[in-house]
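Chains A and B, in that order, give the protein sequences.
Using this note's numbering, the first residue of the first sequence is number 1004, and each one after it goes up by one.
Using this note's numbering, the first residue of the second sequence is number 164, and each one after it goes up by one.
Read the hints as simulated data drawn from the structure, not as lab findings.
Please read all numbers here as calculations on a predicted model, not as lab measurements.
There could be a bad hint or two in this list.
[Stated by the list, open to error] Once the Cα atoms are required to be at most 27 Å apart in a straight line, the calculated DSSO-like pairs of lysine-lysine come out as:
1. Lys1370/A <-> Lys420/B
2. Lys1345/A <-> Lys1370/A
3. Lys167/B <-> Lys1345/A
4. Lys1346/A <-> Lys1335/A
5. Lys167/B <-> Lys1329/A
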Amino acid sequence: MGGGYISDEVMEQDKQKLLQQLLEKHKAGQLKPADRYNIPPQPMPEQDPNERTHNVNEVALGYTETQARLEALRCLGCKNAPCVEGCPVRIKIKDFVAAVADGDYKNALDIIKENSLLPAVCGRVCPQEVQCQQTCTVGKKFKDPTKAVSIGRLERFVADRGLAVAGTATIDPRFRGDRLAPAEAGEPETSLAVASETGMKVAVIGSGPGGIVAAADTRRAGHDVTIFEAFHKTGGVMVYGIPEFRLPKAIVQKEIDTLRKMGVKIVCNFIVGRTRTIDRLIKEDGFDAIYIGVGAGLPSFMGIEGESLIGVYSANEYLTRANLMKAYDFGKGADTPIALSKKVAVVGGGNVAMDSARTAIRLGADKVYLVYRRTKKEMPARIEEVHHAKEEGVEFHILQSPKRIIGDENSHVIAIECLRYQLGEPDESGRRRPIPIEGSEFRIDVDTVIIAIGNLANPLIRQTTPGLEFNKWGNIIVDENCKTSMEGVYAGGDIVLGAATVILAMGQGRIAAAAINKYLAEKKSHQ
Amino acid sequence: MPHKILAKKQLSEDVFIAEIEAPLIAQARKPGQFIILSINNEYSERIPLTIADTDPQKGTISLIWQRVGKTTAELADLQQGDKIANVSGPLGRPTHIENFGTVVCVGGGIGNAPLLPIAKALKYAGNKIISIIGARTKKLLILEEQFTKISDELIVTTDDGSYGRKALVTEPLKEVCQRELKPNQAFVIGPAIMMKFCCEVTKQFNIPTQASLNTIMVDGTGMCGGCRVEIDGKPKFVCVDGPEFDGHKVNFDLMIKRLNAYKEYEQKAHEQYLKHRCKTGLDKYI
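The task is simple: from the sequences and hints, build the whole structure.
The following block contains the structure:
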C-alpha cells in the first residue's frame, strides 16, 4: 500500500466529485442511458499480488461506498430486467441496484434477502459472468461481460455493510477504509423472525449453503430444526473447500450464528448414515421431515498411471488440509501436515483448480502449473479467479493433460508426462471436445500433483438408506420440489445435481424448505 | 459436545486404552468400525482410531492407541476427567459376520485391538476361533487375556521370543493353514507389512482373507480421497469402501509407501510436542 495511499485518496476525491454530479442529474431525472454508459466500470480494490501471495487474507477488498454508488448508477434499469432471468434464485437485481444508487443500503439488503439468504457469500463466489452479468444489457452494449454492471460486487457491498451493522468485521482493518463503516445503529435484523412453534421436527443433514438455507427457512416457519454436520466445524464447502482468501470464514460463521440465534440446533461430528441412519432419524428420533444436503462425494481421479504416488492429492484433500485443518500453520500450532511443495501441477480448469493452485502459491511453491486440456475459453472457473491466479504467478498450460504421473524409487512424484490436445467438434456439454495429439508427449518436473476434475456422489447415504432412489451416478433422484422417493425426505445441492455451485445449492435448499413447510402444514392439519 | 474420558490405562509401554463418553457411537457401532477424533477444535489433526469395545448401556466406547506421533502422544497425556473435543463415527463398513466354520484371526501389535471385537462377534456367530496374536516383544503384547476367553485355540508369538513362541505370526499361520481341517476364513489386522505376508500365506492355501486397512485419513466420510488404496488394480477408499478388503487383492507395497507420506512432518511435530511437554512439566506427570 504505502506510496499508493495519497494517489488513492486523490482518486477517491475525484470519484466523489463525479458521483455528486451524477447524483444531482439522477435526482433530477436527467441521467440518460448515454450518461450511464459513460460511467467507468468500477474496478474491485484488491490486495497487491506480491503481498497477497504471502498471506491468506481476502484478495478482493470490496467497493467503497462511492464506488458502489457509481457502479450502481451504471445500471440502465431495463424494463424486462434480463439480469433477474440470469439469476438462479431470481433476486430482484434491478431493484436492489437502484436502492444502492439511492444510498438506501438497508432496503437493498432486504430486497436481496427476499430471495437469497447468503448475499455476503454469493456476492463473492457466484459465477456472475455466466449468470446475471451475462444477460446484462450494459455488458452486451460493450460486447464484454466483464463490463456489465458488477452485480456481484454490489451484492457483496450491501451484504458486508449489513454484517458491519451486526458488528462482524471480516476484513483486516488495514484494508477496510470506509468499506465496512458501520451504518446507522439499531437497524433490525429481519431474518431472525420466527413463527410460533409448530412442534414439528426437521433434520437438516449438512451445514453447507443448501443446509443453511433449508434450516433458516424451515425454522422461520416455526419448526424445531436440527442441523447435523459430519465435520467438527460448520459451513460445509464454504469452510473446508473455498479458501479464506476468497471467502473469509468469519462471514460463514456469522450466518451460522444467525441460525443459532433463530433457535436452530447444530450437532457436529454426526455422520448421518453411520451415527444414525435416516430411517432411525425418522422412526426413533421422531423427525417429521429431512433435508439431505451432504455435498460433494468421492473425488474423481483420472484413471492414469501413478495417481497413488506420494504427492498426488485430490483437490478435496489438499484444500481440506489447507483450509479446514489450517495446514498453512503446520509447525506453528497446527498439527495437520501438507506437502511443502516446490513445483506443483494442478489438473483441471474450474474454481476448485484455481483455489488449489492459489493455495499452493500461498504455501510457498515456486512454480505452480495449471494443466487444462481445453482452452481458457472453456474453463468453468470464474473469470476473476483465472485473472487472480495469473496475477499470482500460476502458469497456465492449456490444451495439455497428464498421460501418467512419474515417481522415484520411494514412490514420490517427480514429474508428469503430458500430451498436447487440440479442440474438435462440440460434445454433449456444448464445449469443443479435446482430442489428444499422438506422439506429443512431454514432461513437466513437479513434486506435487493436485487433481481437480470434479467429484462423484458421496456413497454413505446410498449405502445406508434402502428405499431412497438414486440415479446411475449415485445422485439422489428428486422431483421439482426437491422431494425424494421417501416420504418426508428432501434433498438438494451436489448430492442431487452432481456438481453444483453455492447459489444452486442454496436455491434447492430454499425450494426444499418451501416444500417441507407445505408438507408439514398438511401433516399437522391431519393430526 | 466434548467427550469425557471416564477411565484410562496403560496397556504396554506405548499402548493405552481409554473409555470415553460417546453414547451415539456406542449405540450404532458394529465390529470392524472405527472413529476419527481430534483433541481440540482449532488446530488439532483428525486421526482414525480403532474402537476396541463399547458399552451401549453406559454410552461409552473404548479406544486403544499406540503412542507413535504427536497426536497419539498428546492423547496419552490426557487423564481421566479430561475431554476430547471431537469424536465422530462409527466409520467404515461393519465386518461381515457369519458362521464360516473355522476362522483364523491374526493380530499384530496394536492390530489386536480392532481384531478382538471381530473375533468376539465371529465366536458369537458360532465359529471355531483360532487366534494368533503377536508383538515385537512381551512388553508390547496386548489383550492376551481377552483373546484367551474367546478363542478355541490361542497362539502367542513375539519377534524376540521374550514371551510365547519366538516367531512372526506368519509361521504359526502357515502351520494352521497346513492342517487337514484348514480354516474356512481368515481375518488379519496389524501393521501393513505383517498383513501383506499373512495374506501371501493364506493365498497359497486359498483361504479367503479379510484385511482391515489403516490408512491416512482426513474426513473419513468419503470426501477427501486421502485414504485411497489399490484393490485389484483399482482405486478404493478405505473410509467408505472399507476398512476391510479382500486381502489377496490389496496392493500392500503401495499402501506401505503412502503410509509414510508424512513421516518427516510427523517426526517434526512429535519432537516439538515433546519439547513443549518438558517445558510445561508434563513429562513428570506420567
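Now for the hints, and whether the structure bears them out:
1. Lys1370/A <-> Lys420/B: holds (26 Å)
2. Lys1345/A <-> Lys1370/A: Holds, because 6 Å separates the two Cα atoms, which is no more than 27 Å.
3. Lys167/B <-> Lys1345/A: The given pair, whose Cα atoms are some 42 Å apart, is violated under the 27 Å limit.
4. Lys1346/A <-> Lys1335/A: holds (23 Å)
5. Lys167/B <-> Lys1329/A: OK: Lys167/B and Lys1329/A at ~25 Å, within 27 Å.
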